[in-house]
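Starting from the structure of chain A, add chains W and S where the hints point.
Residue numbers (this note's numbering), protein chains in the order written: chain A, 1 to 641; chain W, 1001 to 1334; chain S, 2001 to 2417.
You can trust all of the hints, since none of them are fake.
Label-pair distances were calculated between CB atoms; the ranges are:
hint, chain 1, residue 1, chain 2, residue 2, range
1, S, S2299, W, F1139, 32 to 38 angstroms
2, S, L2298, W, Y1247, 24 to 30 angstroms
3, W, Y1247, S, L2220, 37 to 43 angstroms
4, A, V437, S, L2220, 43 to 49 angstroms
5, S, V2016, A, E73, 56 to 62 angstroms
6, S, N2160, A, G507, 50 to 56 angstroms
7, A, E73, S, G2381, 28 to 34 angstroms
8, A, I424, S, K2112, 51 to 57 angstroms
Computed list of chain A residues with no C-beta within reach of chain S, every gap over 12 angstroms:
hint, residue
9, T141
10, E205
11, A358
12, N410
13, D440
14, D555
Since the hints were derived computationally from the structure, they do not count as laboratory data.
Cβ coordinates follow ideal geometry from the N, Cα and C atoms, glycine included.
In case you want the letters, here they are:
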Amino acid sequence: MKHRFNLLMILLMIAGMVLAACGGGATPAPAQQPAQEQPAPQQQPAQPTEAPTEAAPTEAAAPVSADALPRKETLYYNGFQWGPVVGWNPYSNSNNNGMAIAQQDSARVTMFETPYLYNMLDGKQYPLLADGDWSWNEDRTEITFKIKPAARWSDGTPVTAEDVAYTWATHVKYETAIGAANRDYIETIEAVDPQTVVIKAKLDENGRAVNPLIVQAYLSTNYVVQKAWTQKLEERSGGDPTKLLADPAEDVVYSGPYGKFFADDTKVVLVRNDNYWGQDPSMWGKLPAPKYLAHVIFKDNAAGTTALAAGEVDVSQQFNSNVQDLWEKQNLPISTYLPDPPYHIGASLPTAFYNLKAHGLDQVCIRKAIAIAVDYPAIIANAMTNQSATFEQVPRSLMNPTPFEQAMYNREAVKHLQWVGNDIEGAKKLLDECGVVDTDGDGWREYNGQKLSYVATCPNGWSDWQAAIEIVAAAGKQIGIDITTNFPEWSVYQTVVTKSDTPLPPGYEIFMMWSAGAGPTQPWGRIRNLLSSEWIGLPSNWSGNWGQYSNPEVDELLKLIPHETDEAKLKEMYTRLVEIYLTDVPSFTLMYRPQNFHTVNESVWTNFPHQGDGTNPPVPPLNLTDGWSIAGLYNLTLVEP
Amino acid sequence: MKGYTKYFLNKLGWFAITFVFAFILNFTLPRLMPGDPVAAIVARQAQGISNPTGVQAIYQQYTELFGTDKPIIEQFFIYVRNVFRGDFGFSFSQYPRTVAEVISASIGWTLILQFPAIIVGWILGNVLGAMAAYLRGGFDKVLMPSALFLSSFPAFGMAVILLVIFAVHLKWFPTSGGYGYTLIPSLTPTFLWSAFVHYQLPFWSIVLIAIGGQAIGMRSMSIYELNADYVKFARFMGIKDDKIVAYVFRNAMLPQVTGLALALGTMVGGALIAEIVFSYPGLGTTLLNGVMGQDYPLISAATLIITFMVLTANFILEILYGVIDPRIKAAQSD
Amino acid sequence: MQHTLRQVFRSGKFIVGFSILMTILLIVIIYPWVVRHPPLQIIGQGTFFPPGIYVNVYDAIHAPTLYTLNLEDAAANRIGNKLRQEDRVAMKEWLVAFGVPEDEIDIDDTEKLLALWEANYNPDLRLPGMTFARHRYFQRVNASIDGLLSTEPAIIAAPNSETGALEQKALIRQTDYANVDEVANVRILALGTDNFGRDVLTQLVAATAVSLVIGLVAGLIATTIGLTLGLLAGYIGGLVDDVLMFFTNLFTVIPTFVLLILISFSIGQDKRGAITIAMVIGFTSWVWTARAVRSQVLSLRNRDHVNLSKLSGHSVPRIILVDILPYIASYVVMAFILQVSSGILAEAGLSILGLGPRTTETPTLGLMMNWAMIYQAHILGKWWAYLPVLVTIALVSFSMNLMNTGLDQVFNPALRD
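In isolation and in its complexed conformation, chain A is listed as follows (with noise of 0.2 angstroms):
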């Protein structure tokens, strides 16, 4: 036994060798193994029959061998892919493909296409594959849109109606992630001829949706996917969900202008597909102007930052620390959405928790006090290295800083609550007036005669958290409250942290975790999040309000607001809501974060989206890629063509 084991070894460390000597030991591996695997059998009877459904074949495998990308057809990234890519199935959650799966707030459509694309700058959905605006039915609980009829799949084949039902039907079928997130909210999703699509909300015992927003939402956040490839994947997974979900899908068929050209453990490419539908008159009337998209795995943020400041990254989706030393230190011809900190558009809000009912946590003057303590400036300025807006330039709310969300609501009706931070005196003078006080001289408050303390704490390497949390700390030993931190890992943060049907246990007084981005149902979804307490209870809880923060009144606000039409209406019960966070403190933002960093080297191409570039309806700084942003891939030209 032992024998055939090192056998095989050593076969592998040869075949290694002879592989990496004859091009980098790139090629897929199953080749080299027993491959009981399921993925790799599956793989090899798809592969002849791919060839013929690929819509540009030849144009595939041309440059292979012409071995090197042309600089001025490629558009590099970063950011965005950090491990090897494992798969390109839509349906699955886990095949790391940056470049072409991203079905979000503002889903990527590179390679594959929502009926709508949501543009955060103003919070409208533009139609892609559907045509013209969606409408919904007298009573709410309808929505339906049409279909381009110039959309074409890959293969050539019309996308229809019928196609965006099959997925959806799949989705449940097999409980995808997507499928477990909407089923409570829609009901079904029929084909009412080729081109019509109408969405049936689920109706709660009033006979109203039960959440129209989501509905709305679902229209721009989910790919269209094939039916006929569907029926061939679910054939060849013999209706086994986990195998349906692993396949990598290396034949999948799609709507977008982009189709897989290369992957491996170094870098992925997407190569434009010319007979792309959307070149119709009816959609952009043109091809994008890059021919490929291709994106650099790179081992880090520094290694990373290096490829971009060198010209071989045109765009940057990761956090370059420092980034304006790029431009003002070295001039070079990198720029950033806004020309001045923070540099990019926040959308996401990381917050710090309260495990509200730990010793103290409970009152509300102590989570104020130390809220209004802490060096907000500080966290921005070393943590972010200024890539967020400060609290000056951005109030706190429960808003992101987009102007569609600012506008949400009333700033002059809660301005008096809006704190900026680093109020050391005013801390303290809360605290004494609560009768939180230093009894036995210590240095330390007591409440209730026990001393305050407690720990911070986010998951260990999360470098911009950990400095944040840091500073948090510091501010409650300047008010006389101990803090220390600490760093779990993630794996054992993140399952302490979502286990919402027991307290948090002792070392979780105060952590930090996310909240939503940008997206068609914020800010509802955001504040849900962060407030609903819809979320105690969950054994597995990946929503939000970690800190099982319960508030009658907020409950009934967040249930009114989906329903809710009247702008007026919504600004005043957004204004309410952004009243009781401020007041009662159940959390509080830490710092604003974009929801893609969006750094661009015009070394090659230039007309990236930036501030005040005239585009209308503005293209959004997500990368040329997430929703209504990929206009900007038609906008691109060469700096010397």
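For chains W and S alone, kept in the frame of chain A given last:
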């Protein structure tokens, strides 16, 4: 030759025992760590899912798939059985890729980088050390301290310094990766040249560190031998200097071969870190990904393969050593 | 013993190594007495402040005396600081592109150039083909040259506590100087700050101390285990030798680095303190010492004086302590020094992998290096954040290696120069 066969079998036995032991360690240690790696995968799967039973179902599905719900002993035997078939299971962090896929994509890069680098470093070090011992004087005075200083650098330190000087400032070499960012792997001259250029900095950062330690060792050994009685006797007998020197260095080499075997583990460790600094697509980077992603099947397999490579190299060296050192043959045939 | 020591201190290599190490030790001990800042305190709002002397501007303008110095090159320096030669060339480029005749522009005549610029520049104009980055560069230049040629004094004003209106308090002329000694707050950041805004030098000193302790603990553990096992195996022999050598051989071939990774990983982040890491390193690196000690003991075991002791009925511990230990002491010391230096290197290596001691409680050289790399110091040219750390690691390890070579030459006469 009987003595040698015995020696060989003895070494082979050792090889097998050590490997089994290393295997058990590789399996056990990563699994002792706190936290639930399956939950991390589920986290990825479940983002955006708002109903609890859905998440629970996904979790169940993956614990079954990875077998983490079984007792650890049972997991071990399943693991042993699978490994014999070359199946290291699924990678947690890159699911649904298998560990075997991940590793086989990176092992070639590592082999092609590390073995030449260690051997070149070893040879250069020995030549320089021998020259220092033989020439003494100025050469020795310069070489010795600089070799010492070089070997005092941590492996990643050398890598960072080379990176900053030759890649960031002088821009003579690329900063990261295994081949040019515009290229697609193929057997064309452009690609091979690019791979060669990308190879240089990681290669030399390993070589430079190896040179230092080896040169010092070789110098000591050579001086030792040069002052040995047999050399004096030979000189006295009027044997030509060339011939004496040849003997001296052959004798000085022998302990250096053992030295290489012993130092191999450390060198490989350092070289793995050099890979990381240059984002070289080898095992070092894979290991780092494993550590970051709490991916213990991947860590187990990566460390197992590194151990296996070092063990094999050791074994080969010991066998070679038995062949070239007459004393071993003599001792074994007693 | 005295003789040996004298000999040791006659070795040039040993002395050099010893002095370097002692200097580092002295700095580590004395520095915290002189500079009493907590090493991990976040002082800078922002990352990577360059090395230099930081003068408090508020205090400088409120210095007790302002001195007037009429220096000729002051104006030129002031302008040069804001407007570099390349900026002038670029301004000309912009002006030409937007229709100003080339021969009208003299980039060396600052006054004329600025006048032309002011008359023609429009921040909203963007030449077709001009990149956004370039467009913004001109906007920055425009902002930075604003008021460049002004010779008016700067006005210091403060709000009136009653009316809230601004009232002029003082005038700062361009010829006003403050003496640094008279400014209330001046902080010397000889090595600038790191990504957290901490004083790098202060942190480096503290980190060196911690790393030395880690090396020391690791070295002590490794040497103690190695020595004990080596002595036992070598002197007692037989089954004890077989069993001990079995384990020693096992750990010789399993790469220490792999073991270190596996163990550190399995401990988990929140339990990895500096001393824990030191212990892990110690427990994985004793093999060398054990092997070497054993072979030395084997050759000593049958020496005459040992046999004499045995015949006189001395106990085993006594024989080991009196008749064997002194003879291998020099060797053990050398092994110990090597263990310490490799312990320091091992900690650094682990930290780079993210497996070092848990962060932010104690600084170590490896952690400083790790954070500098995470925040891309080496790419952004922030040499002060990583180079001094590397040099310190190399110096500590170099000094120990030198000492070791020196000792080697003393104890192995054949190696002497």
